[in-house]
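Colleague: These protein sequence lines are chains Z and D, in that order. Each residue of the first sequence is one higher than the last, beginning at 1 in this note's numbering. Each residue of the second sequence is one higher than the last, beginning at 1 in this note's numbering.
Worth flagging that the hints you see were computed from the coordinates, not collected in a lab. Do not rely on the hints blindly, as some may be mistaken.
Pulled a few chain Z residues facing chain D out of the computed Cβ check, cut under 8 angstroms [said to hold, decoys possible]:
hint, residue
1, L39
2, F45
3, H48
4, G52
5, F90
6, L96
Some chain D residues judged to face chain Z by a derived CB distance under 10 angstroms, without partners named [unchecked claim]:
hint, residue
7, Q37
8, W40
9, I44
10, N45
11, Y48
12, V64
13, A88
14, P97
15, F100
No residue lacks a Cβ here, since even glycine has one placed at the ideal position from N, Cα and C.
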Amino acid sequence: DSGVTQTPKHLITATGQRVTLRCSPRSGDLSVYWYQQSLDQGLQFLIHYYNGEERAKGNILERFSAQQFPDLHSELNLSSLELGDSALYFCASSALGGLNTEAFFGQGTRLTVV
Amino acid sequence: GIQVEQSPPDLILQEGANSTLRCNFSDSVNNLQWFHQNPWGQLINLFYIPSGTKQNGRLSATTVATERYSLLYISSSQTTDSGVYFCAVRLNSGNTPLVFGKGTRLSVIA
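Looking at chain D on its own, in the form it has when it is part of the complex (with noise of 0.2 angstroms):
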């Protein structure tokens, strides 16, 4: 099946800090979606984005289809950004389910 690689698994962050957060898969794609799984466990939509590049707010993602990978943008940081990252890619043949990396592991201190 489908690999799904998410790089750094953790990262610890100063608060107003920048990062980057990247998710590889390993075949062609029709649906990528980023979520943060916040301290309590609910799982938050960031971005569907199967191809090219969003914003929103602080956050912005960019996927390269073609070269199968996609990055999230964290900028200026806050604590309420801990949690974990999930990137999770839905191969572009198929009636096949959406498939999660590991996750990266952020943690943002004041």
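Here chain Z stands alone, though its shape is the one from the complex (with noise of 0.2 angstroms):
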């Protein structure tokens, strides 16, 4: 158990919803990153935040978005979701702004576009 927690671990949705992914991060950690691992795309960096405010942003749609709330805890939001946004969405979390510290990763969450 990496101490990372995500949910929910599978969901099913249409084309066209909005969905929230839940991450909360190891104890302590101030830093929560977003991944997306598609079958072709391998897994692509979506954002990061560090205590609260965004960090960096890597290939994320303008349809996407995310926050870090009070409590480090993060969500990601997906909406008009299309069948190409199917994929494993990852949460992982370090204890600092990334340098120099290791990353550990949720069990991520699978989302199903029908």
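Put the two chains together into one complex, using the hints given.
Modeller: Structure representation (structure tokens):
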């Protein structure tokens, strides 16, 4: 158990809908990262939050947004869902801003858009 | 951005065999991690190894940062070692995330 908790584990939804994925980082970790893993794209970085502030953005679509709350949990919101958004979404946490610190991943949320 | 190349892309081993997986990266890094993604999709931390050598049971890893590569050794492989092995690195500057290679898919057959 990595200590990073993601909910839900599985999600099936229809095209055009909106979903929210939730992540609780390891106790004491200030950084949260979101990644998308699809069959043809590998593990792609989406966004990084540190202590409530956005620190870096990757290949995150405009239909996607995220935030980190004062209790350090994070949510990834996916809207106007398309079939191509079906993927495994991972959250990771690390102690500091990322420099010289190990990142730990949650079990992922498997999203299926039908 | 930084390039991370893993080889081989696929590997099939007989149970009990040894193997070496390689990760090459294109720039100076301050963080390198090896992960195992099991058949259920979980990403399991194997090593945090920006430099040097570490061992954990039948697995060991070596990173030669100056030459920009890392090696993961699996000895006496077991069927439970099957899955995809990822190398991920973070640049040695700025606020950058972990960048993943495409992985090595390992199948260990009994």
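Colleague: For every hint, state whether the structure bears it out.
Modeller: Quick rundown of the hints versus the structure:
Hint status for L39 of chain Z relative to chain D: violated, with the closest Cβ pair at about 12 angstroms, above 8 angstroms. About 4 angstroms separates the beta-carbon of F45 of chain Z from the nearest beta-carbon of chain D, less than 8 angstroms, and the hint is met. Because the smallest distance between the Cβ of H48 of chain Z and any Cβ of chain D comes to about 5 angstroms, under 8 angstroms, the interface hint for this residue holds. Contact between G52 of chain Z and chain D, as hinted, is not supported at the beta carbon level, the nearest pair being about 15 angstroms apart and thus beyond 8 angstroms.
With a least beta-carbon distance of about 7 angstroms to chain D, the hint placing F90 of chain Z at the interface is held under the 8 angstroms criterion. Because the smallest distance between the Cβ of L96 of chain Z and any Cβ of chain D comes to about 11 angstroms, over 8 angstroms, the interface hint for this residue is violated. Annotation: interface hint on Q37 of chain D holds; nearest CB of chain Z at approximately 9 angstroms, less than 10 angstroms. A cut of 10 angstroms between beta carbons decides the hint on W40 of chain D: the least distance to chain Z is about 8 angstroms, and the hint holds.
Taking 10 angstroms as the C-beta contact cut-off toward chain Z, the hint placing I44 of chain D at the interface holds, the least distance being around 8 angstroms. Checking N45 of chain D against chain Z by beta carbon gives a least distance of about 6 angstroms; that is within 10 angstroms, so the hint holds. Interface hint at Y48 of chain D: satisfied, since its Cβ lies 4 angstroms from the closest Cβ of chain Z, which is below the 10 angstroms cut-off. For V64 of chain D, the suggested interface contact is broken, since its CB lies about 18 angstroms from the closest CB of chain Z, more than 10 angstroms.
Among the interface hints, the one on A88 of chain D holds; its C-beta lies about 8 angstroms from the nearest C-beta in chain Z, closer than the 10 angstroms criterion. Proximity of P97 of chain D to chain Z holds as hinted, the smallest CB-CB distance being about 4 angstroms (cut-off 10 angstroms). Taking 10 angstroms as the C-beta cut-off, the interface hint given for F100 of chain D holds, the closest approach to chain Z being about 4 angstroms.
In this structure, the hints that do not hold are numbers 1, 4, 6, 12, in rising order.
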